[in-house]
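Chains A and B, in that order, give the protein sequences.
Just so we're aligned, residue 1 is where the first sequence starts under our numbering, counting upward by one.
Just so we're aligned, residue 1 is where the second sequence starts under our numbering, counting upward by one.
If you're looking for bench data, these hints aren't it; they were derived computationally from the structure.
Here the structure is a predicted model, which is why all the values come from computation and not from measurement.
Don't take each hint at face value.
[As the list claims (entries may be wrong)] The list that follows gives simulated cross-link-like pairs (lysine-lysine, DSSO-like), each with its CA atoms no further than 27 Å apart: (1) Lys2/B / Lys419/A; (2) Lys101/A / Lys219/B; (3) Lys246/A / Lys44/B.
[Said to hold, decoys possible] With the C-beta cut set under 8 Å, the calculated list includes, among others, these residues of chain A facing chain B: (4) Met10; (5) Ala53; (6) Tyr122; (7) Arg123; (8) His126; (9) Leu170; (10) Gly376; (11) Thr381; (12) Leu394; (13) Leu431; (14) Leu432; (15) Tyr441.
[Claimed, not checked] Chain B regions said to be covered by chain A (calculated; three or more residues, Cβ under 8 Å): (16) 41-51; (17) 61-71; (18) 117-128; (19) 178-184.
Quick reminder that beta carbons are idealized off the backbone N, C-alpha and C, glycines included.
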Amino acid sequence: MQIASLTFVMIVLPVMLAVYYFLPNKIKQIGLVFSSFMLYGWGSPIRIIYPLAELVYDYGAGIFLEKYRKEKPISKGIIYFSVIIQIFAMIYFRNVIQEEKIFPFGIMIYTLQGLGYLFGVYRREHEAERNIFILGGYLLFFPSVFAGGLYAYPEFVQQNRNKHFTIISLSDGLSIFIRGLAEKVVLANTFGYIFQELQQIAPEEMSMLTAWLTTIIFSMYLYFELLGYSEMARGLGKCFGYDLPKNFRQPFFTSSITALMESWNITLVSWFDKYFRKGIFGNNSKKWVSYAGFIFMWVLIGAWYGMKKQFLLWGFFIGIILLAEKLFLEKNIRQKYIAGAVYTAIIPQFLWVLFFSENLTESVNYWKAMAGFGNGIFDRTGIYFLVSYIALILTGVYIATDLFRNILERLTISAYGQKLMMFLPLVHGGLLIFCLASMLYGEQIDYLWLRL
Amino acid sequence: MKKQCGLAYLTVIFLIVIYGVIMGGTVKNFQKAECSAITEENLKQNLGFHDKLFQLKSRTDLIIGEKMIQGVYITKERLLEKQFSETGGNAEKLNQFYEKYHIPVYLVLVPSATAIYESNLPANALNVNQEELIKSVYAGTGTGIRCIDAYAVLRSLKENYIYYRTDSHWTSYGAYHVYQSAIQKMGFTPVSYQKYVISHLSTEFRGNLYQKTLYDAVKPDVLDCYTNETGSKITEILAYDGEKVEKREELHDTEALKTENMYEFYLGKPCEKLIIRTDLDNDKKLLLYQDSYGDCMLPFLLQHYHEICVVNLEKMNCSEIHPEEYTQVMVLSSISTWQQVFS
Numbered sequence: 001m002q003i004a005s006l007t008f009v010m011i012v013l014p015v016m017l018a019v020y021y022f023l024p025n026k027i028k029q030i031g032l033v034f035s036s037f038m039l040y041g042w043g044s045p046i047r048i049i050y051p052l053a054e055l056v057y058d059y060g061a062g063i064f065l066e067k068y069r070k071e072k073p074i075s076k077g078i079i080y081f082s083v084i085i086q087i088f089a090m091i092y093f094r095n096v097i098q099e100e101k102i103f104p105f106g107i108m109i110y111t112l113q114g115l116g117y118l119f120g121v122y123r124r125e126h127e128a129e130r131n132i133f134i135l136g137g138y139l140l141f142f143p144s145v146f147a148g149g150l151y152a153y154p155e156f157v158q159q160n161r162n163k164h165f166t167i168i169s170l171s172d173g174l175s176i177f178i179r180g181l182a183e184k185v186v187l188a189n190t191f192g193y194i195f196q197e198l199q200q201i202a203p204e205e206m207s208m209l210t211a212w213l214t215t216i217i218f219s220m221y222l223y224f225e226l227l228g229y230s231e232m233a234r235g236l237g238k239c240f241g242y243d244l245p246k247n248f249r250q251p252f253f254t255s256s257i258t259a260l261m262e263s264w265n266i267t268l269v270s271w272f273d274k275y276f277r278k279g280i281f282g283n284n285s286k287k288w289v290s291y292a293g294f295i296f297m298w299v300l301i302g303a304w305y306g307m308k309k310q311f312l313l314w315g316f317f318i319g320i321i322l323l324a325e326k327l328f329l330e331k332n333i334r335q336k337y338i339a340g341a342v343y344t345a346i347i348p349q350f351l352w353v354l355f356f357s358e359n360l361t362e363s364v365n366y367w368k369a370m371a372g373f374g375n376g377i378f379d380r381t382g383i384y385f386l387v388s389y390i391a392l393i394l395t396g397v398y399i400a401t402d403l404f405r406n407i408l409e410r411l412t413i414s415a416y417g418q419k420l421m422m423f424l425p426l427v428h429g430g431l432l433i434f435c436l437a438s439m440l441y442g443e444q445i446d447y448l449w450l451r452l
Numbered sequence: 001m002k003k004q005c006g007l008a009y010l011t012v013i014f015l016i017v018i019y020g021v022i023m024g025g026t027v028k029n030f031q032k033a034e035c036s037a038i039t040e041e042n043l044k045q046n047l048g049f050h051d052k053l054f055q056l057k058s059r060t061d062l063i064i065g066e067k068m069i070q071g072v073y074i075t076k077e078r079l080l081e082k083q084f085s086e087t088g089g090n091a092e093k094l095n096q097f098y099e100k101y102h103i104p105v106y107l108v109l110v111p112s113a114t115a116i117y118e119s120n121l122p123a124n125a126l127n128v129n130q131e132e133l134i135k136s137v138y139a140g141t142g143t144g145i146r147c148i149d150a151y152a153v154l155r156s157l158k159e160n161y162i163y164y165r166t167d168s169h170w171t172s173y174g175a176y177h178v179y180q181s182a183i184q185k186m187g188f189t190p191v192s193y194q195k196y197v198i199s200h201l202s203t204e205f206r207g208n209l210y211q212k213t214l215y216d217a218v219k220p221d222v223l224d225c226y227t228n229e230t231g232s233k234i235t236e237i238l239a240y241d242g243e244k245v246e247k248r249e250e251l252h253d254t255e256a257l258k259t260e261n262m263y264e265f266y267l268g269k270p271c272e273k274l275i276i277r278t279d280l281d282n283d284k285k286l287l288l289y290q291d292s293y294g295d296c297m298l299p300f301l302l303q304h305y306h307e308i309c310v311v312n313l314e315k316m317n318c319s320e321i322h323p324e325e326y327t328q329v330m331v332l333s334s335i336s337t338w339q340q341v342f343s
């Protein structure tokens, strides 16, 4: 089920929260797992078979791993087998099932979370989970499956023990959820709609202005889409008593691409860093091996977004840039903030092209147009889009930077701001009404094209 | 958040949800029907204050700089549909049709108001050149197919009330002038404009473009009915829809004037095929393939034929047609329908 939909916001969520509130504490966890499965199978119950199998497998494998910890060959065998079979199944399902109705969405998220859990047991970082409902709650926790964000098992269990469900956590959670919803349905949907309009123009016919508008609008769309979903997830988590980490910060207007990528899909990058790079290449003393490992990790992160060549290439480029920044540019960038900011504003725009172009030829055509070798510097179409949407783009850019967040944060801390908090219910009420208006206004534009 | 604030917060959110769902009639629907009534589409339609919310969003977009609502350009004087596809639609099928039956075919492609009132569009707006499109289709027609240049006729009448301001169709006035030039080519003398009595059915007509955008700052339209008291009378109307055959008494459907789709007044509810016979005692029979643009032109054509068989272009493969029984064929279509059907 789509969580940025009227069905979820107006009917399913209120009912779920009410039921959860009145469930006795002992069976709240069961209720949560049950509702996660229910939402997952909404409309086509057949979909729950795969995650259910995954849950049962991880539960059993965890217990086995713990039992045979001392016998290295056996535990090693189990872990290798698990990795191979799960990665294979993930790639298979992701690429073979084309039909939207039965596509096991979120497959990347619960597969990687499950593997993370098994690695943890294997490395004796934590015990195997005996309560299948807690493990199920972790693997298929619906906010994360529906909205991205990989959470580490130890943190989750910690949260699970301390979770509390009060009026305050509920209203805090809802306020984060509503902000996330606004980021998705007000901003991302609008940018997505404009992007679709722009995509009807072939890149060969684009002027420099139009090509730049296309990538800028796409990057705003992608950012608000992913940010909106992960903020909704964080808010829902809080409603049910969990404090989930932030998945996105404000990546734009940083002074290096390293800083940009550090605030982009944070939980995903840290998963790959912890289990893949440090796990495989961490102990290697040869420098070039660790560099290669770093770049390879970014290629895999690219593959997370999709199995097309372009995504792999995107990861490859990002890996190289980050490595180069680490090795050569670190000092320079710190000294020259403005030069760094300009470079960080321009280079990633070229890379986002890889995200939305159908094939590499198309990417090259976009790049040509962006560099000014396309259909001139500007044209009527470009001017039309610029005039129509400049206010929206500036607003989006402003919200995407930390200037905006800083003002909000400073306001909430100050004494004056504390008084203003009285009006928060009204302000958010207005925001929710505007979200409803946006939801009934247009078609949903979905990030499911990423098939995560 | 403090506890009082939290409580106030929950109350506000709760009220909005309750109001949106219950007042909107979703619950009523739910009781009436079954669980499947809760679909996203249903919720959207039945949300409390649906129209107000829609306007809130669309007006905000317009203030920020957007120039259209749901694919319709908003201008001061009229709502103009954006034409999407730049290519598509050729005369191949029509040529094949002629080769098979050898009945003279008359093709009328009608541009939308967006082409005629291009100068009203926002500066630099994306717009498809419909004149070129029509020309390229006409250039592809073979022998036996005669093309009627509706674009030139309408273009020259630009200052007149030939298109509705809030609907995507042309007015009866626009249709009359294209009829005039078409019927001459088909070998008849057009009935003169003076012979018609024009009655205003409604001066508050808000058409399909209004329904789509709910933008009420454009003046509502006037819906006219043209009657020729001395002309031919209709003797029989048969409406075919699937297996059903229905006998209709009247060509016009006055009930439609009470609904949102006032334009349906001209030809009633859309069906696959209509056979209309008149008291004219000639052997002229017309096979008319048309989309809804034809609805208001049909009364003019009926002045010349003993029988007209009206086939809905979009559903033309559904019904059984015997072209060999007819003396002339006319294809009357808007560009968008043409592109859909003959792509």
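_Name the hints, by number, that the structure is in violation of._
2, 3, 5, 6, 7, 8, 10, 12, 13, 19
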